[in-house]
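Protein chains in written order, with our numbering: chain A, 1 to 142; chain B, 1 to 409; chain C, 1 to 139.
Just so you know, not all the hints are guaranteed correct.
[Unchecked claim] Here are the simulated SDA-like pairs of lysine to any residue, each with C-alpha atoms no more than 25 angstroms apart in a straight line: (1) C/129 <-> B/119; (2) C/129 <-> B/311; (3) C/129 <-> B/123; (4) C/129 <-> B/310; (5) C/129 <-> B/320; (6) C/129 <-> C/26; (7) B/215 <-> C/106; (8) C/129 <-> B/133; (9) B/215 <-> C/105; (10) B/215 <-> C/104; (11) C/129 <-> B/307; (12) B/215 <-> C/26.
[Claimed, not checked] Looking from chain A toward chain B, a few residues come up when the C-beta cut is under 8 angstroms (computed): (13) 33; (14) 34; (15) 52; (16) 65.
[What the hints assert, rightly or not] So these bits of chain B aren't anywhere near chain C, every CB distance computed over 10 angstroms: (17) 86; (18) 115; (19) 210; (20) 377; (21) 403; (22) 409.
Don't read these hints as lab results, they were simulated from the structure.
Glycine included, each C-beta is placed from N, C-alpha and C at the ideal position.
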Amino acid sequence: MVPGALAVALLTGCAGPTLDAGSYRQAALHTTIDLASAVATAELATRLELTGRSLAPVTSEVVSAAEDDGSSIAESFTSRQPPDEDSRALFSQLDDVVTAATDALTALRMALGLGNQAGVRQALDELQRARAALVGWQERLQ
Amino acid sequence: MKKALGLTLGVMTAIGGFVDIGNIVTSGITGARYGMTLAWAVVLGTIAMAVFGEMAGRVAAVAHRPVYHVVRERLGVRASMLNASSSVVLNVLTVAAEIGGTALVLQLATGVPYLLWVPLVAAAAWLVVWRMPFQRMERVLGLLGLSMLVFVVALFWLPTDWAALWDQTIHPAIPAEQAAPTWWFYAISLIGACLVPYQVIFFSSGGREEHWSIKDLREMRLNTFLGFPFGGLLSLALMAVAVPVLRPLGIQVNHVGQAALPVAVAFGGIGLAIALFSFLVATFAAAAESTLSTGYAVAQYFGWSWGKARPPVGAARFQFVCLATVVAAAGTVLTTIDPITITIVSVVLGAAAIPLTYFPVLVVANDRRYLGEHVNGVVTNTLGTVLLVVMVVVALVTVPLLLLTRAGQ
Amino acid sequence: MTDWAHHRFTANDLLLDRQLVDSRGMMAGRIDDLELSDPEPDPAGGGSAARAPVLTALLCGPIAYGPRLGGRLGTWWAATGRRLRGDGDGYPCRIPLSLVARVDRMQVRLTSPRELLPSYRLRAWVADKVIAPLPGSGR
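Make a model of the complete structure from these sequences and hints.
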């Protein structure tokens with residue numbers, strides 16, 4: 001996350017313990033938005049590849065970058081301390097979706113690297129489900 | 001044909017100088033996130049660039065001096081030192097961003113990590129500065145840069161909702177789900193990406209490299225009033241292609257690759273290859289231009305020989321500054337700071353420094369001793385002053401917005 | 001002879017920070033400062049009017065430039081210039097007025113090629129030691 005990296009540089013490197021339940025929710029919302037973006041990017045690049053409308057190195061680069069983005073989003077989500085029990089509950093519900101998304105991104109990158117068509121399609125299905133779940137959470141958190 | 005070639009300084013400045021990594025990144029981010037609601041910032045930046053570019057070109061043609069060459073005798077040692085040193089610092093950051101951007105595009109196309117490309121890109125940019133004749137440089141890179149038109153053409157192939165795009169453009173409003181400070185932050189980064197200081201340095205010094213005189217004023221004006229708006233148009237196209245493709249999917253642009261995907265949707269692999277090639281040309285041309293501009297700025301401040309017309313030993317210190325710039329910029333990228341981050345920092349700091357870097361142009365363009373009857377008219381002065389006042393406001397709010405929005409999060 | 005002799009002007013108008021151009025039209029630095037001297041004491045014991053200081057040389061280079069910039073940066077600049085000189089001479093590079101051909105608003109033309117000017121040393125060093133050894137430098 002580019003602006004994130006810059007902010008980290010600016011604000012002495014703390015993704016930081018969140019102060020209250022409201023801002024934890026806000027941070028969770030941002031996690032879903034950013035992660036859905038990474039997932040959608042990988043999906044779009046892969047679908048273009050499958051229909052012969054892309055270039056192989058570009059697809060693999062875009063998917064790897066999306067995977068990297070996904071893991072750093074997941075990492076900062078996990079490292080954030082929930083301020084109360086409700087937030088803790090929110091974390092455990094959302095954590096499944098976040099993990100599913102990052103796992104699917106990794107699976108996609110591996111399948112693409114191996115040229116495993118069936119694996120790619122399966123990973124795409126998982127990504128689509130993960131994105132739907134993330135978008136659902138966005139609406140609930142907004 | 002000769003006339004068409006004469007336009008290349010404008011076109012190259014437009015492609016390399018105007019549409020560079022800063023525009024690619026900021027246009028991509030804002031198009032995907034805000035649709036066309038920030039198009040006005042590109043329009044404003046383009047108008048300002050054309051107005052100040054015309055002034056600088058006029059000084060170069062009439063007084064036979066690049067505009068920043070005059071700044072020291074006009075504003076004195078200290079004010080001009082502030083002007084020159086801020087230009088140099090921003091230039092080095094810009095060169096770093098462009099070298100990093102070129103390397104990122106090469107990584108996309110080849111899969112070879114960008115850090116390995118950095119030394120090669122830096123060496124190639126330096127070679128262009130070192131040996132390639134000025135006219136050949138601007139013509140080759142200017143013509144190749146026309147490949148970026150693929151983004152304009154793609155707009156007609158994609159399911160573009162023209163009415164909605166137009167509506168967002170002329171009725172800019174902050175999208176409901178987005179925070180206002182962030183929207184303003186990106187407005188400033190778009191303005192900063194249009195008004196990078198090296199552009200005016202390059203345009204007016206380039207005019208001297210091409211020996212402009214009063215009879216070339218018309219050509220120069222064509223360059224500014226066609227070339228810069230052409231660059232603005234390309235920036236808007238980069239923004240607009242994201243709207244039908246990336247925005248509905250909720251894709252935010254964090255990487256150069258994402259900005260090129262809409263062209264793949266429109267034209268497939270060939271389109272994508274052209275798009276990446278145009279990114280490569282634009283960022284590489286900008287790397288060479290901003291390197292040259294650092295040399296121009298320093299050499300002109302101290303009254304040294306400068307320019308590509310003579311062999312490097314004939315302008316030794318100028319070439320030395322260019323070499324040092326490339327080395328410092330490549331070193332900055334090799335620290336592994338994300339080149340996209342460097343880009344955003346450079347355009348935002350550039351926006352904050354606009355009054356410092358562009359105010360002297362207005363002063364010199366009003367000096368009858370240098371320009372005689374060709375000083376600014378009432379219209380140009382009014383426009384220039386209004387734009388500068390806007391830029392002072394921009395400069396004042398930049399840093400608070402940078403901190404408030406955590407750089408656009 | 002210079003053609004400024006009969007006009008009044010201020011240093012700021014015509015001299016300070018102006019571009020120096022050598023006899024072949026090459027850029028030769030900028031005027032960073034001016035040297036004024038007491039004329040030689042008149043052996044016949046002339047009046048005080050004859051003792052007004054007159055302009056004798058244009059000064060350039062970091063030792064002249066530093067004090068004009070002022071502050072700590074200026075001091076540092078001038079000190080670096082002195083160190084680069086290496087010969088222990090703390091006086092700026094002089095371009096005697098006899099070398100000045102013509103002065104106009106934008107530049108000061110000299111009668112000598114820049115290679116013969118005292119301010120040429122740093123340039124010569126950069127050209128010979130850094131730029132010339134690189135391939136394609138034109139030497």
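Contradicted hints - numbers only: The structure breaks none of the hints.
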